[in-house]
Structure formats: structure tokens, C-alpha cells
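J.: Sequence:
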Amino acid sequence: YCGIWVNLGAVSGLPTGVTFNSGEIDNLGNYYVKVNTNNNQIYRINLSTLTATLITLNTSVNLPDMAFNITNGLLYGVNSTNGQLVSVNPSTGAVVGIGITPGAVNFGAMFASSTGEMYGADNAGGFYQFNLTTGQRVLISNSPASNGNDGAHCVTAPISFGSNLSVTKTDGKTEYIPGTTNTYTLVVSNSGPFGVLNATVSDPVPAGIPASNVSYTAVASSGSTTNVVGTQVGAINDLVSVPVNGTITYTVNINVPLSFTGNLVNTVTVTPPANSTDSNLADNTATDTDTNGVCYRPAVTDSNTYPTQHGITALSRAGNDNSNWPMVRQSGWTALEAKTKGFVINRIATTAAVNAIPNPVEGMIVFDIEADCLKINTTGTSGGWKCLNTQTCP
122 YCGIWVNLGA
132 VSGLPTGVTF
142 NSGEIDNLGN
152 YYVKVNTNNN
162 QIYRINLSTL
172 TATLITLNTS
182 VNLPDMAFNI
192 TNGLLYGVNS
202 TNGQLVSVNP
212 STGAVVGIGI
222 TPGAVNFGAM
232 FASSTGEMYG
242 ADNAGGFYQF
252 NLTTGQRVLI
262 SNSPASNGND
272 GAHCVTAPIS
282 FGSNLSVTKT
292 DGKTEYIPGT
302 TNTYTLVVSN
312 SGPFGVLNAT
322 VSDPVPAGIP
332 ASNVSYTAVA
342 SSGSTTNVVG
352 TQVGAINDLV
362 SVPVNGTITY
372 TVNINVPLSF
382 TGNLVNTVTV
392 TPPANSTDSN
402 LADNTATDTD
412 TNGVCYRPAV
422 TDSNTYPTQH
432 GITALSRAGN
442 DNSNWPMVRQ
452 SGWTALEAKT
462 KGFVINRIAT
472 TAAVNAIPNP
482 VEGMIVFDIE
492 ADCLKINTTG
502 TSGGWKCLNT
512 QTCP
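Residue numbers (the working numbering): 122 to 515.
Beta-carbon label-pair distances, calculated as ranges:
#1 Phe-488 with Gly-300: 21 to 31 Å
#2 Asn-193 with Ser-281: 18 to 28 Å
#3 Thr-499 with Gly-463: 19 to 29 Å
#4 Ser-336 with Leu-457: 38 to 48 Å
#5 Gly-440 with Gly-463: 21 to 31 Å
#6 Thr-392 with Phe-488: 52 to 62 Å
#7 Ser-343 with Phe-488: 51 to 61 Å
#8 Thr-426 with Thr-254: 50 to 60 Å
I should point out that these hints are in silico values taken from the structure, not numbers from a laboratory.
Beta carbons: idealized from backbone N, C-alpha and C, even for Gly.
Let the sequences and hints guide you as you build the complete structure.
T.: Here's what the structure looks like:
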């Protein structure tokens, strides 16, 4: 019956000569109304008997509109004098200011979903969702400016919006070196068409890495929010709010233990809240995998030994067990020995001469006297010569 209204008759118990501009019907059929002034009175109207009961509030507020949350039995509105989200207990009259006071604003249309989310339309334009813990609001979509709006809705009906959350993660390399730090950049974004409040960002500590070895920070773009404050340690488990084209950027540092082996696998996931339908879940997870980039064996300790399994000797003493040569030589790939001569790599006087070697082959080794380092060719080209002077792959 769009456009048709019914006059139910006069309501007894209501003051006369005033304007009621804020109203809401709860799931039991009670109709709550408030005068368009900064006062401490709300009336509950029984729509069956058309009688009103005064609810005296513990403080004065000016609420251009109210919405009833069926999950906790509270009314919510935005105090137009300071822009603060407030809750009103219709049973006791207790008013609670929630979080921030961003400044005077009129939210003339408030909406609550059946799952407890709270929304509002700013009279100046903009449709927002409110965080009921912090009072912060995130822009869900644009809306037209209006001075005569109202939040008509059913408190037992769900309200949901479409979004496209995504996340990326990279440390800018494909290998890690034990005993060093990997720095990752994680970016959570939302391409819309609507904003999202309370999406979950989860980034567990990689297997084999102590939680104390992981630290992170987060930076939210304008209009976005994150629960991360300062530098945190361990796994990321964050609740974020991301308007359309908003981002949350995390910087994660992982100190890789010297004893770490195998692939370093790091996965992050962003999950939309129940009131947001993500159009593409394929980009809600990102994984960065680094392989072990070292070409040397770990250090020998009291509990770990690394016998050399191959050797060439002129001393006729190769053995069969780890107490014999070459196994007794630790942490080597091959052992070379002779009675009177050392093993000498071809030496070349200048770096230019090394680069000028015709037909270089991948794996070729020379000693560059000018650079004072052992060099290996990694590409089979003149530009592929790398110094073996750090504990890593060339």
C-alpha cells in the first residue's frame, strides 16, 4: 500500500504543542518517540491502546532519529550537538555516549538490522555504518542530502551490502636467509560498491617461526580504521573498516631463526562480516613463499655435525665411517688434499679480464685478484660473475 496512511487516532499521555521528529518501533510493537529538542524525555506508545508512557533519561540528548537493536534491546541515535553515537535503554532511561565526539551533525535517518548492525544517513549526505564499541563510523555509500529524512525499516529484517575486499602480501623476494629479517607489506583494500565495517584480517605466524620473532604495524587510509596501535607482536588478528577505495597497510617484520629450514610460507586472509557479500572471494587470501636462499651448511654444534661426504686425496686415507677422512671434515661439500700442493683456483688479475672471458659457463669459478674474491658465473654470460663473499647464494 505504497503512499497510503491510516490515522490511528489521538494518543493519550503525550504533550501537546511540540514536534516529534524521532521515532522507532521495536520488535514487540512499542513505538518510541522523542521531541525535536535537546531534552531528557522519550515516550513509549502502546499502539494497541494508544497510550504513551514517559521514559525519563539520565541526561539530555538531541536525537534526530532512533533505531532499535533487537540483539541487545537498546535504542541508538547520534546526538546532533556533538556527533556522538549514543545508546538509550528504554527500560531504565540510561543514556550511554559511545566513543568519539566528532562534532555537530544531524543523522536524521537511523536503521538497525536483524543481526545488530547500526546504520545512519547524514542529512548533509553519506550513508554510514557505526561501530557500536568505538562509536566510529565508516562510509558505506553516498546518499543524497536531505532535511526531512527518516529511517523507515523493519528491525527484524537483515540489511546487507555488496563489497569486493582483497589482500596482497609480498616481501619483494623469493628467497630468505636464516638469521636475517624479512619485511612484508600487506595491503587490504575494498573496490566496492559499498564500504565494509568489521572485516577480519588474519595473518598467522608462519610454521617454525616463534611468535616473538614477528612484529607489525598498520596504517589506515582516510576513512578506514584498524584496531592495531603502535607496534604489535605475533599473529595479526585485526578488525578493520574499509570504505570504497580505502586501504589498510601492514608492515610485518619476521626475524628468521638461524636454524630455520624449508620454505618460509606466510598467508594472510581478509574475511567480510556477515552483512557484507563479497563478489570475489578468490582475492581474499594472499600467500608469500620464500625458499632457503643459502648455499652453505649451518654451523657445527655439540648436537649437530655435518660430515663431508665427498673428497679427493693424495694421502691414501679415505675411510668408511664418520671418524675417517673426508667425513671427519665438517660442513663441506667436497674435501681436497695433497702432500705438497694446495688446490689453486685460476687467478685473473682484473675484473675487466674476468668479464672478458670468452664463452663463460654457468658454474665456472675463478679468483678475481682485483676484487679480492672468489667468483662464480651464475648465468653463462659475461654479466653473470658474482663474488662469493657473503653467506648466501650468489
